[in-house]
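**Student:** Chain residues, written in single-letter form:
2 protein chains.
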Amino acid sequence: MRIAVLGGDGFVGWPTVLHLSAQGHEVHIIDNLSRRWIDTELGVQSLTPMDSIQERCRIWKEVSGQVLNFHLLNLATEYERLRVWLAEYRPDAIIHFAEQRAAPYSMKTDRHKVYTVNNNINATHNLLAALVETGIDAHLVHLGTMGVYGYSTVGAAIPEGYLDVKIDTPTGERGLEILYPTRPGSVYHMTKSLDQILFQFYAQNDGLRITDLHQGIVWGTHTDQTRRHVQLINRFDYDGDYGTVLNRFLIQAAIDYPLTVHGTGGQTRAFIHIQDSVRCIELALADAPKRGDRVKIFNQMTETHRVRDLAQLVAGLTGARVAYLPNPRKEADENELVVKNDQFLGLGLQPITLAEGLLSEVVDVARKYAHRIDRSRVPAVSAWTKDIANRVVHDPEGKKLRSVS
Amino acid sequence: MRIAVLGGDGFVGWPTVLHLSAQGHEVHIIDNLSRRWIDTELGVQSLTPMDSIQERCRIWKEVSGQVLNFHLLNLATEYERLRVWLAEYRPDAIIHFAEQRAAPYSMKTDRHKVYTVNNNINATHNLLAALVETGIDAHLVHLGTMGVYGYSTVGAAIPEGYLDVKIDTPTGERGLEILYPTRPGSVYHMTKSLDQILFQFYAQNDGLRITDLHQGIVWGTHTDQTRRHVQLINRFDYDGDYGTVLNRFLIQAAIDYPLTVHGTGGQTRAFIHIQDSVRCIELALADAPKRGDRVKIFNQMTETHRVRDLAQLVAGLTGARVAYLPNPRKEADENELVVKNDQFLGLGLQPITLAEGLLSEVVDVARKYAHRIDRSRVPAVSAWTKDIANRVVHDPEGKKLRSVS
Chain C
1 MRIAVLGGDG FVGWPTVLHL SAQGHEVHII DNLSRRWIDT ELGVQSLTPM
51 DSIQERCRIW KEVSGQVLNF HLLNLATEYE RLRVWLAEYR PDAIIHFAEQ
101 RAAPYSMKTD RHKVYTVNNN INATHNLLAA LVETGIDAHL VHLGTMGVYG
151 YSTVGAAIPE GYLDVKIDTP TGERGLEILY PTRPGSVYHM TKSLDQILFQ
201 FYAQNDGLRI TDLHQGIVWG THTDQTRRHV QLINRFDYDG DYGTVLNRFL
251 IQAAIDYPLT VHGTGGQTRA FIHIQDSVRC IELALADAPK RGDRVKIFNQ
301 MTETHRVRDL AQLVAGLTGA RVAYLPNPRK EADENELVVK NDQFLGLGLQ
351 PITLAEGLLS EVVDVARKYA HRIDRSRVPA VSAWTKDIAN RVVHDPEGKK
401 LRSVS
Chain A
1001 MRIAVLGGDG FVGWPTVLHL SAQGHEVHII DNLSRRWIDT ELGVQSLTPM
1051 DSIQERCRIW KEVSGQVLNF HLLNLATEYE RLRVWLAEYR PDAIIHFAEQ
1101 RAAPYSMKTD RHKVYTVNNN INATHNLLAA LVETGIDAHL VHLGTMGVYG
1151 YSTVGAAIPE GYLDVKIDTP TGERGLEILY PTRPGSVYHM TKSLDQILFQ
1201 FYAQNDGLRI TDLHQGIVWG THTDQTRRHV QLINRFDYDG DYGTVLNRFL
1251 IQAAIDYPLT VHGTGGQTRA FIHIQDSVRC IELALADAPK RGDRVKIFNQ
1301 MTETHRVRDL AQLVAGLTGA RVAYLPNPRK EADENELVVK NDQFLGLGLQ
1351 PITLAEGLLS EVVDVARKYA HRIDRSRVPA VSAWTKDIAN RVVHDPEGKK
1401 LRSVS
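As they're listed, the protein sequences go chains C and A. Position 116, counted from 1, in the first sequence is what our numbering calls 116; the numbers after and before it change by one each time, with no gaps. One rule links them: number in our numbering = place in the second sequence (from 1) + 1000.
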């Protein structure tokens, strides 16, 4: 197949590109390299040394013999170029990662909120409008998030996208299947909720074939392909904005910094290993909806953990201590999370568990590159509201985390 | 109160400005005049001769002694100027009309789809982000649409924004109140569905006080204030994109053109007179939610009618004949529509009915200005899908409506 990977230079995008290329597909990376620009803006860098996308593509050709095609294109601002590109290349499938993907970054300032909504919604909607305009019947696979469900669960396992409800009508009770009522907890998560409505409309009005993957927090660094050459290594974010909770713990352990748990650590989250993530995308690609079908939604996660339990797990492996900090997010202190992922298990996914994969991350990645860590960038500083931003908070080493207005 | 009316130069915006000014409020109009630019783009004009916004403000001062303040500002593209304006003027309330509001225009071409999403979502989100950033606790009243509910009703009267449902959980059945599951039928309607999620998030995360008015199709031209001077007259759109169904029928009758019903005319729609619309906004303003409340949602409509019944009503008043054309929209041929509007009735709204107000529209507006009508702009030509666009359709006078690709 000819596959376009939008955002193919990113954390999950890049290993997906390699995975699909290794399977013999003709892969086109479309990316505006915004994630690299954000590294520059924040003054942070991937823990793992990361080459330019052009260099990575060259190395992959050397290693595998397969060509990767890179196209520099901004989906959100260059609608005409996108449409022309699609009309020329006519991909069979499109994997869409090209959205700003960090909740803390999306809550940093008003400018970051405005950027995230503008970028994510226009990127996704431009793509949908261009597909209709060019008449290309590509299968669109979009990376969503478990976060659209919100974390105030309704007391039942979270189904895969659609919820069965009953309503009272004048002629008696009636069953109805609806999109799970969304309750996003950040501007970033909100954009993925908006995406759902865009997808619903374009599937219904124009028959676009769309799969939306509600992904958990991705952990791990290596896939079978990134291991093939040191310069193919994936990015590993550990800073307070882009570093997700597990990566932060691993890094903190590697540099002898306390594992920082926000609030009580009672937040329960869903996780998936990067190797499983690229495998799920392969499975979703092969299970495309038909024209006229509703949007197909998968929960792309393999296990759930409470944050404080994760901290204990990493502490047990490494001897690190755990520190509790005030939560910069506005969210429930404690939540339950039970998630259905029957569809991917049914398609043959065999999950890599945290229990088996975590130690190699500690040794092969976190300790190996620990000399590249900037300790000052580890704490999460983006606050969800003005009130939270105005509270004085110190990091475990006693430094003030935010300048108080 | 100091009130900002965003989109205060538009069809409902302008009479709202006058209504609130007449009550003694300090009114600021913020508008980028995009609606006038779209007139230019489409080569159409309001049936009623419409002066510049500056001239209208001058006349209102002469007539009423009240000052109106006009600020030229693009909410969607000038975030910084919006924030600075809010910080300087600190309004007590904000009425937000500033979105592209015609479904056919939003479906015209890919460029119009892209414009509508970009403009509407960024305008609304910029406003929300700027309110949080400036810390202004203004009551935000937004004009939404009945169309977010979609027209495939669930078999019960449409409640005001929130739906009671029951779900099965491992511990038994549980009740839940959710945002009515949205099912928009055009890109325009879709943007109003997205707005709902934006409002839900900002009310929950930042305590913004928001009222969302799900409005029906507005008909009528005059309010008590627009009648006070010929140059204060409201705009009246009759073209195939911006002219809503009832206005189109009135104009068709006035120029002896058949009343064009799309499909079977079995579509049922909700309506409200422009005078009731401005009165509802006044009532909603006075009934503000408290900080921390969820978004308050009203159904802003007073009666429902089937399109073919409306055509018969106008035909009976005027002697016009009715012509059935293929439907350019993708929608159900026939739908029921029962809507609750208990909240506005409870606050004292006394609806003007079609039966009592329609004749004066025919005589005072449609016939009076019939000499300004361009017959060629009356048919609706925007098609909802490529398939519909490719069908050959003739207007009742035998002209081809669309050029076939």
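In case anyone wonders, no lab produced these hints; they're calculated from the structure. Quick caveat, the model's predicted, so the values are computed rather than measured. Some hints here could point you the wrong way.
Listed below are the simulated DSS-like cross-link pairs for lysine-lysine, each with C-alpha atoms no more than 30 Å apart in a straight line [claimed, not checked]:
1. C:K166 with A:K1330
2. C:K108 with A:K1400
3. C:K330 with A:K1166
4. C:K368 with C:K61
5. A:K1399 with A:K1108
6. A:K1330 with C:K290
7. C:K290 with A:K1108
8. A:K1399 with A:K1368
9. A:K1400 with C:K330
10. A:K1368 with A:K1290
11. C:K166 with A:K1166
12. A:K1166 with C:K340
13. C:K386 with A:K1290
14. C:K330 with C:K340
15. A:K1400 with A:K1330
16. A:K1368 with C:K290
17. C:K290 with C:K108
18. A:K1340 with C:K166
**Student:** Now tell me, hint by hint, if it's right for this structure.
**Tutor:** Now the hints, each set against the structure:
no. : hint                 : verdict
1   : C:K166 with A:K1330  : holds (28 Å)
2   : C:K108 with A:K1400  : violated (54 Å)
3   : C:K330 with A:K1166  : holds (28 Å)
4   : C:K368 with C:K61    : holds (26 Å)
5   : A:K1399 with A:K1108 : holds (20 Å)
6   : A:K1330 with C:K290  : holds (19 Å)
7   : C:K290 with A:K1108  : holds (26 Å)
8   : A:K1399 with A:K1368 : holds (27 Å)
9   : A:K1400 with C:K330  : violated (58 Å)
10  : A:K1368 with A:K1290 : violated (46 Å)
11  : C:K166 with A:K1166  : holds (5 Å)
12  : A:K1166 with C:K340  : holds (20 Å)
13  : C:K386 with A:K1290  : holds (18 Å)
14  : C:K330 with C:K340   : holds (26 Å)
15  : A:K1400 with A:K1330 : holds (20 Å)
16  : A:K1368 with C:K290  : violated (54 Å)
17  : C:K290 with C:K108   : violated (40 Å)
18  : A:K1340 with C:K166  : holds (20 Å)
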